[in-house]
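In order, the protein sequences belong to chains A and B. Each residue of the first sequence is one higher than the last, beginning at -10 in our numbering. Each residue of the second sequence is one higher than the last, beginning at 7 in our numbering.
FYI, nobody ran anything at the bench for these hints, they're computed from the structure. Positions of the beta carbon are idealized from the N, C-alpha and C atoms, including for glycine. Check the hints yourself; a few may be wrong.
Chain B side only, calculated, beta carbon under 7 Å to chain A, not exhaustive [to be verified]:
#1 R20
#2 D21
#3 C31
#4 A32
#5 G36
#6 A37
#7 S38
#8 L41
#9 F47
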Amino acid sequence: MKLQARQPVVKGVRYFLAHTPGLVFHGSKPVREMQKDRTLRDAVRSHLRSYEDALAYPPHQVFLGALEPETLSDLARPWFRYKTDLAQRWGPFGEIMPEEEFLGLLKIVDHFRLIWIDEDFTSKIRNRLEPHPLLTDADLSQLGTGEPLSKIRAQLPPDGTALPLCLADGRVVGCIHRAHEEDSSLTPDVLLENLACKATATMALRTLLAQELTKADQIDYVIGSGEEAVGDRYQRGGGNLAKAVAEMCGCRNASGSDVKAFCCGPVHAMVMAGALVGNGIFDNTAVIGGCSLAKLGMKFQGHLKHDYPILEDVLAGVAILIGTDDGQSPVMRLDMVGRHPVGAGSAQQAIFEQLVAVPLQRHGWRIPDVEKYATELHNPEVTEPAGSGNVPLLNYRILAGLAALHNEISPTAVTEFIAQHGMPGFSPTQGHIASAVPYLGHALRRMRGGSLRNTMFLAKGSLFLGRMTQMSDGMSFILEQN
Amino acid sequence: MNLQGKRVIALGERDGVPGPAIAACARSAGASVVLEMTHCFV
Chain A
-10 MKLQARQPVV KGVRYFLAHT PGLVFHGSKP VREMQKDRTL RDAVRSHLRS
40 YEDALAYPPH QVFLGALEPE TLSDLARPWF RYKTDLAQRW GPFGEIMPEE
90 EFLGLLKIVD HFRLIWIDED FTSKIRNRLE PHPLLTDADL SQLGTGEPLS
140 KIRAQLPPDG TALPLCLADG RVVGCIHRAH EEDSSLTPDV LLENLACKAT
190 ATMALRTLLA QELTKADQID YVIGSGEEAV GDRYQRGGGN LAKAVAEMCG
240 CRNASGSDVK AFCCGPVHAM VMAGALVGNG IFDNTAVIGG CSLAKLGMKF
290 QGHLKHDYPI LEDVLAGVAI LIGTDDGQSP VMRLDMVGRH PVGAGSAQQA
340 IFEQLVAVPL QRHGWRIPDV EKYATELHNP EVTEPAGSGN VPLLNYRILA
390 GLAALHNEIS PTAVTEFIAQ HGMPGFSPTQ GHIASAVPYL GHALRRMRGG
440 SLRNTMFLAK GSLFLGRMTQ MSDGMSFILE QN
Chain B
7 MNLQGKRVIA LGERDGVPGP AIAACARSAG ASVVLEMTHC FV
């Protein structure tokens, strides 16, 4: 039987946040700077947020769907001032999990006994995790009974090589071991990063499957899109965390693979997933992205300088379901995919020309014909104190400039264009998670409700960071009301 | 600014002007680019 060409649709998306102030001390920038200046440790600890403050933080509520992105335009900054008792752990698009429970979750997804948790703490978090709607008896049994704290402390330096797992107040409640004495790809910090990816992606996909009423065994293929490196000394980036997550989510009929494209990974992966469905190879695919633990506290110096709380204290995950046309879900226009070819050059104008103008012109669309553009959506309150600017606004200005260059808007209409077609940034600075896909939940909701016709999701990737090329990268697609 | 014969370090930014673009401008002005890098701050 010949495969039939079909229209892929995005059936759902869910996000997952974990508030992990204690893990900020394992972020790449904090680790490096604290090795040079030990006084920073106390300064950071005194600026960590409570779970209640992270929960109430408006950008997090936008991320989880309780607020619209445009709401932030009307809220005076700093946004972290806003306190409310009304914020809910569960938003329409997912939950924000407290730190203690997330440490238990790390233990649950660890199948190699790398993580040891204190026995008293294990008992406490078992009680906290038992009522969780997405955790099973098998998950809770994975917690075990824990280890005596004295035994855990003996694993830590100077006597041992394990990394401590601490709460925000500095209490040691566990540790993570290396998996090999001579393998730099299996050190405790690398394994912690990878397990955190596995845990956050697992919870995002479990949330998606449960709330979109999709049976796990209906998933044919899972594509990972994160920036972690899962492997060992001989295959440092071997990958396929996707299949490990599929296993955790009970996707017994699924296989998977990982797409590696820096921040652009999720959009690349969505296009590939759409193509797999569109060509009749699979019926239901899931694109997942775990967190970036290395980016916890990345801008901490700017936050301390301005007496801000450490705003990069959450880990984020995403899961997206792409399937066959059901007549309701928004459609992926695979005939309007934008890409950044090697020969295009890395100037911003060239990148946006390829990602935006080329696919639109192919169908006679103008840049203003796209109602909303979802680009790099990093929270500016995180980046501006560190001198990194307002990343979404920078990108929207380039987009508006391109429209003016094409004589599709007046140069004096740039501000109006940005207000109409853009949005404030709200995503945690979790690398690939912040690239376009944070708006997917809002877009799906508005398209199903009839208040949005189309959105272009465009993401960029910083390939030059890996020192293999000076190039950037990018990918885009149009999502349209069904 | 006259860059003719000068040595230039081109430090760019992904969401601003990337390093290769700065380097191309500098070379067109007669400079010798000794280092070309692009940073990504997110």
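Against the structure shown, which of the earlier numbered hints fail to hold, in ascending order?
3, 4, 5, 6, 7, 8
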